[in-house]
Amino acid sequence: MTAAPFVPHTDAEIAEMLSGLGLSSLDDLFEAIPHAVRLAGGLDLPGHWSEADLNDRLEELASANRPVGRDLVCFAGAGAYDHEIPAVVRSLASRSEFVTAYTPYQPEVAQGVLQAIFEYQTMVTRLTGLDVANASLYDGAAALVEAVNLAAAATGNQRVLCSAAVNPRWRAQMATFARGSGHEIEIVPLADGVTDWGAIDQPGGQTTAGAVVVATPNYLGCLEDVATARETADRLGARLVVCFDPVAAGVLKTPGSQGADVVVGEGQPFGLPLSFGGPYLGLFACRLADVRRLPGRLVGETVDTEGRTAYVTTLRAREQDIRRERASSNVCTNETLMAVTAVIQLGWLGTTGLAEIALRSARAARYCREALLEIDGVEAAAGAPVLREFALRLPIEPGLLIERLTGEGYLAGVVVDEGFEGTPYEGSLLVATTERRTRSEIDSFAQAFDKALR
Amino acid sequence: MSAPGGRATSAPLLGRDSEPSLFELSAPGRRSASFRTNDLPEWPIAELVDAEYRAAEPVELAEIAERDLVAHFTRLSHRQYSVDLGAYPLGSCTMKYNPKSCDAAAVMPGFANVHPATPPSCSQGWLRVLVELEEALCAITGMTAATLQPAAGAAGELTGLLLMRAYHESQGERRTRVIIPDSAHGTNPASVVLGGYEVATVGTNERGGVDLEQLRSVLDTDVAGIMLTNPNTLGLFEEDIVEIATAVHDVGGLLYYDGANLNAILGIVRPGDMGFDIVHLNTHKTFATPHGGGGPGAGPVAVDDRLADFLPGPRPVRLADGTFGFATPPKSIGRLHSWHGNAVVLLRAWAYLRLNGGDGLEQVARVAVLNANWLREQLRQAYEIPYDRRVMHECVVSAHSLEKDTGLRALDIAKRLLELGFHAPTVYFPHIVDEALMIEPTETESPQTLAALADAFLLVANEAREAGSADEAKKAPRTTPVGRVDEARAARHLVATFDHRDHGAH
Numbered sequence: 102m103t104a105a106p107f108v109p110h111t112d113a114e115i116a117e118m119l120s121g122l123g124l125s126s127l128d129d130l131f132e133a134i135p136h137a138v139r140l141a142g143g144l145d146l147p148g149h150w151s152e153a154d155l156n157d158r159l160e161e162l163a164s165a166n167r168p169v170g171r172d173l174v175c176f177a178g179a180g181a182y183d184h185e186i187p188a189v190v191r192s193l194a195s196r197s198e199f200v201t202a203y204t205p206y207q208p209e210v211a212q213g214v215l216q217a218i219f220e221y222q223t224m225v226t227r228l229t230g231l232d233v234a235n236a237s238l239y240d241g242a243a244a245l246v247e248a249v250n251l252a253a254a255a256t257g258n259q260r261v262l263c264s265a266a267v268n269p270r271w272r273a274q275m276a277t278f279a280r281g282s283g284h285e286i287e288i289v290p291l292a293d294g295v296t297d298w299g300a301i302d303q304p305g306g307q308t309t310a311g312a313v314v315v316a317t318p319n320y321l322g323c324l325e326d327v328a329t330a331r332e333t334a335d336r337l338g339a340r341l342v343v344c345f346d347p348v349a350a351g352v353l354k355t356p357g358s359q360g361a362d363v364v365v366g367e368g369q370p371f372g373l374p375l376s377f378g379g380p381y382l383g384l385f386a387c388r389l390a391d392v393r394r395l396p397g398r399l400v401g402e403t404v405d406t407e408g409r410t411a412y413v414t415t416l417r418a419r420e421q422d423i424r425r426e427r428a429s430s431n432v433c434t435n436e437t438l439m440a441v442t443a444v445i446q447l448g449w450l451g452t453t454g455l456a457e458i459a460l461r462s463a464r465a466a467r468y469c470r471e472a473l474l475e476i477d478g479v480e481a482a483a484g485a486p487v488l489r490e491f492a493l494r495l496p497i498e499p500g501l502l503i504e505r506l507t508g509e510g511y512l513a514g515v516v517v518d519e520g521f522e523g524t525p526y527e528g529s530l531l532v533a534t535t536e537r538r539t540r541s542e543i544d545s546f547a548q549a550f551d552k553a554l555r
Numbered sequence: 003m004s005a006p007g008g009r010a011t012s013a014p015l016l017g018r019d020s021e022p023s024l025f026e027l028s029a030p031g032r033r034s035a036s037f038r039t040n041d042l043p044e045w046p047i048a049e050l051v052d053a054e055y056r057a058a059e060p061v062e063l064a065e066i067a068e069r070d071l072v073a074h075f076t077r078l079s080h081r082q083y084s085v086d087l088g089a090y091p092l093g094s095c096t097m098k099y100n101p102k103s104c105d106a107a108a109v110m111p112g113f114a115n116v117h118p119a120t121p122p123s124c125s126q127g128w129l130r131v132l133v134e135l136e137e138a139l140c141a142i143t144g145m146t147a148a149t150l151q152p153a154a155g156a157a158g159e160l161t162g163l164l165l166m167r168a169y170h171e172s173q174g175e176r177r178t179r180v181i182i183p184d185s186a187h188g189t190n191p192a193s194v195v196l197g198g199y200e201v202a203t204v205g206t207n208e209r210g211g212v213d214l215e216q217l218r219s220v221l222d223t224d225v226a227g228i229m230l231t232n233p234n235t236l237g238l239f240e241e242d243i244v245e246i247a248t249a250v251h252d253v254g255g256l257l258y259y260d261g262a263n264l265n266a267i268l269g270i271v272r273p274g275d276m277g278f279d280i281v282h283l284n285t286h287k288t289f290a291t292p293h294g295g296g297g298p299g300a301g302p303v304a305v306d307d308r309l310a311d312f313l314p315g316p317r318p319v320r321l322a323d324g325t326f327g328f329a330t331p332p333k334s335i336g337r338l339h340s341w342h343g344n345a346v347v348l349l350r351a352w353a354y355l356r357l358n359g360g361d362g363l364e365q366v367a368r369v370a371v372l373n374a375n376w377l378r379e380q381l382r383q384a385y386e387i388p389y390d391r392r393v394m395h396e397c398v399v400s401a402h403s404l405e406k407d408t409g410l411r412a413l414d415i416a417k418r419l420l421e422l423g424f425h426a427p428t429v430y431f432p433h434i435v436d437e438a439l440m441i442e443p444t445e446t447e448s449p450q451t452l453a454a455l456a457d458a459f460l461l462v463a464n465e466a467r468e469a470g471s472a473d474e475a476k477k478a479p480r481t482t483p484v485g486r487v488d489e490a491r492a493a494r495h496l497v498a499t500f501d502h503r504d505h506g507a508h
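Going down the list, the sequences are from chains A and B. So our numbering is basically just the index in the first sequence, starting at one, shifted up by 101. So our numbering is basically just the index in the second sequence, starting at one, shifted up by 2.
Hints in this document: simulated from the structure, not taken from any laboratory. Some hints here could point you the wrong way.
[Stated by the list, open to error] Calculated cross-link-like contacts (lysine to aspartate or glutamate; reagent style EDC-like; alpha-carbon spacing at most 16 Å):
1) B/LYS476 with B/GLU386
2) B/LYS102 with A/GLU152
3) B/LYS102 with A/ASP154
4) A/LYS354 with B/GLU386
5) B/LYS406 with B/GLU386
6) B/LYS477 with A/ASP154
7) A/LYS354 with B/GLU62
8) B/LYS476 with A/GLU407
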């Protein structure tokens with residue numbers, strides 16, 4: 102009999118079950134499969150490993166990676182940040198009741214996940230300054246795609262005006278999805294690191310749009326003037342979609358208070374490890390007027406038969422399993438465990454803690470930026486005000502600098518390339534700081550940076 | 003004490019008081035967080051951010067002591083069913099046991115703490131895992147190449163449809179329709195529309211398969227392809243799959259395989275050998291990555307030779323010198339993820355595949371099918387079996403006559419099962435079966451668990467038959483953290499955040 106490590110059945114039990122079905126072998130179960138297409142000779146995969154063998158191999162592979170930490174101090178961001186994750190968050194978020202649950206289809210036995218999502222939704226509405234938030238989407242990019250779909254459906258207009266300083270990988274994903282949806286995406290250029298909304302006023306140009314998209318702080322780290330984006334959206338009859346940084350939300354005005362209709366963001370900074378890029382967490386909030394177009398799941402509060410507070414997924418008529426081809430989103434499985442992790446992290450941070458990580462990140466950025474700008478040949482790539490991330494022009498290829506500095510124990514940043522081709526920002530280096538960066542780390546980094554340029 | 007604050011007590015456990023929200027546990031001035039000593043200049047925020055951007059007050063979250071934070075989320079965890087606790091026979095969800103050794107892999111710092119923009123020279127371990135996973139998925143599906151970017155099954159579906167579109171466009175064709183059987187999952191039609199196609203539905207024949215004659219009648223050169231789940235949502239293998247593939251290919255269409263039910267056929271038959279051109283997989287079903295209460299998932303998409311050049315990029319590849327790097331296929335449809343996909347979920351899937359090996363995966367499929375068929379034979383005593391032939395990894399039974407005779411609905415059966423200690427099956431799906439109960443035990447439940455599950459199903463049906471009414475089940479569940487939840491009220495009077503509580507959102 103073949104070994105399958107997680108199948109509990111003994112050979113005798115299998116034989117007994119087969120006999121109960123009037124069968125003599127397991128292969129008899131597959132009589133409906135035409136012989137012509139069956140796989141002869143089994144899968145072309147190695148045989149099974151023991152857990153100990155697996156662990157040996159994992160150790161070997163992990164040692165071929167360089168995680169951030171003392172041996173590789175992280176100055177890279179670009180949508181993925183090295184924030185503090187305390188033991189209490191790791192411990193609670195790894196409880197198997199949360200980890201191994203399914204989507205809460207039976208609310209009576211899923212109050213734990215449902216209430217955590219309800220609390221998460223509350224946190225996201227407060228951070229964004231909007232009315233309702235969904236139970237999560239895959240990541241920031243997926244949230245932007247859904248926001249644009251919502252805006253186009255709500256306005257009946259497929260024209261999307263997107264700032265060139267929105268994360269280029271999010272823009273790329275939006276362009277991929279537009280192949281199916283038919284959205285017409287126009288990129289609005291930048292002036293000194295921020296969006297130049299005046300550039301869209303071409304004589305004889307189109308006077309309407311479905312969505313206006315801006316990010317603040319934007320991909321280059323610069324703070325945008327949301328009010329001007331709002332005016333642009335008003336003029337075009339468009340929904341205003343704002344991509345925000347949920348950590349910066351600790352000190353900045355909420356996008357909702359500045360006129361955003363939909364706010365999306367990357368929730369990775371809230372307790373999620375860097376994880377080579379995923380799983381992360383798509384934050385999504387909108388106004389009540391658009392709640393029936395909200396993508397994904399939504400948890401609402403209600404009562405049980407005895408009047409006790411209870412939670413349940415609600416407004417289900419929006420969702421794909423009911424609406425099928427009339428659904429405006431196909432989202433089903435989302436990122437619930439990441440949302441649960443985020444609400445635990447936000448509970449740990451609290452009101453003062455969130456403001457403090459934003460402040461500490463900004464102080465580190467100011468100190469780091471000033472230190473790096475002291476170096477000969479290093480210049481700011483944009484003059485607009487920044488918060489916790491900034492772009493620099495270097496006298497050498499930034500990729501080369503990054504390679505050199507990994508040898509010195511630093512992940513120096515991220516190259517601005519994809520999506521910025523032909524702009525003054527192409528070939529600059531994006532540097533980010535979090536509350537985890539210290540003065541001595543930054544001082545040594547600046548020294549190594551200087552040396553690596555020579 | 004006047005401040006609300008937390009009370010560390012187990013009172014809000016099963017079936018008793020509600021658990022207060024995090025916001026009710028908040029007491030002004032309390033805190034948990036602390037940070038590294040950084041020795042940086044303590045510039046005030048006003049010096050760092052101009053007033054025009056700055057908030058007057060910080061956003062109010064909650065102020066909680068660490069001890070109360072732990073008590074709150076621990077109590078919530080006690081109000082939650084999970085695979086670790088018991089069987090979860092949700093049809094088409096493949097809620098199998100999630101190995102702990104894969105959890106251990108997921109938290110190794112050498113994987114978990116790697117920044118996604120780390121240069122390939124410093125992420126060779128990660129790139130090797132992703133390339134080896136792609137190779138294993140191709141071996142399992144009979145495909146040529148795969149993308150690991152899609153973050154869940156639905157994202158995989160849309161990826162597949164965009165690949166289909168790009169392929170036809172490269173042939174100079176603009177096809178308009180995609181065919182879907184009436185038994186398909188809801189994500190299929192939703193994805194088709196987002197892919198820019200119209201949905202054409204084909205019916206189910208008397209044996210529970212695609213109606214081949216009807217299919218032939220709707221096939222023409224406007225058809226871009228067909229999306230099939232095989233075994234389908236009735237748990238039945240499409241006996242006519244070879245004829246279906248030929249008919250679709252004859253009009254130049256492509257076959258898309260929805261991998262929701264792949265668990266049934268691992269190592270037995272490969273989608274590629276059945277004639278499929280595009281396959282999406284759900285690692286959170288077939289390869290035991292934990293479902294997380296509704297994600298994270300991962301939805302890799304594998305394709306045959308004709309479509310490989312269109313895959314999303316950049317993608318991890320094996321280079322000529324034996325190291326690993328990234329490459330973008332020549333006619334790539336573009337990005338489907340900000341980085342490289344849900345990498346840690348993919349790592350767990352890689353580990354699961356290693357632990358099972360080719361031999362173990364075949365046994366997984368065989369026992370999954372054995373369990374479903376054995377359970378179905380027990381349920382035959384009390385439930386109707388539509389499309390009565392050998393099932394694969396799941397079975398659908400109907401409570402149609404129970405409902406007619408006693409008023410016992412599929413929903414009532416689900417709720418009664420909850421208080422008997424089992425998670426309910428999927429109910430009211432597929433839509434083509436009246437009062438449907440869709441049951442997928444998976445291979446990781448023992449014969450003893452199956453017998454207990456069968457007994458519970460039979461008890462619910464028999465007690466209603468004996469009483470001539472569904473009264474007992476209508477009261478269920480009574481032993482769960484809350485009783486039957488008023489879903490209509492939640493939708494009518496929307497309270498979707500703590501701040502809506504007093505006045506409602508409307």
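Against the structure, the hints come out as follows:
1. B/LYS476 with B/GLU386: Violated: B/LYS476 and B/GLU386 sit about 21 Å apart, past 16 Å.
2. B/LYS102 with A/GLU152: 10 Å, holds
3. B/LYS102 with A/ASP154: Roughly 15 Å separates the two Cα atoms, so the pair holds.
4. A/LYS354 with B/GLU386: Distance ~60 Å between A/LYS354 and B/GLU386 Cα, so the pair is violated.
5. B/LYS406 with B/GLU386: 12 Å, holds
6. B/LYS477 with A/ASP154: 51 Å, violated
7. A/LYS354 with B/GLU62: 13 Å, holds
8. B/LYS476 with A/GLU407: At roughly 14 Å apart (the allowed maximum being 16 Å), A/GLU407 and B/LYS476 satisfy the hint.
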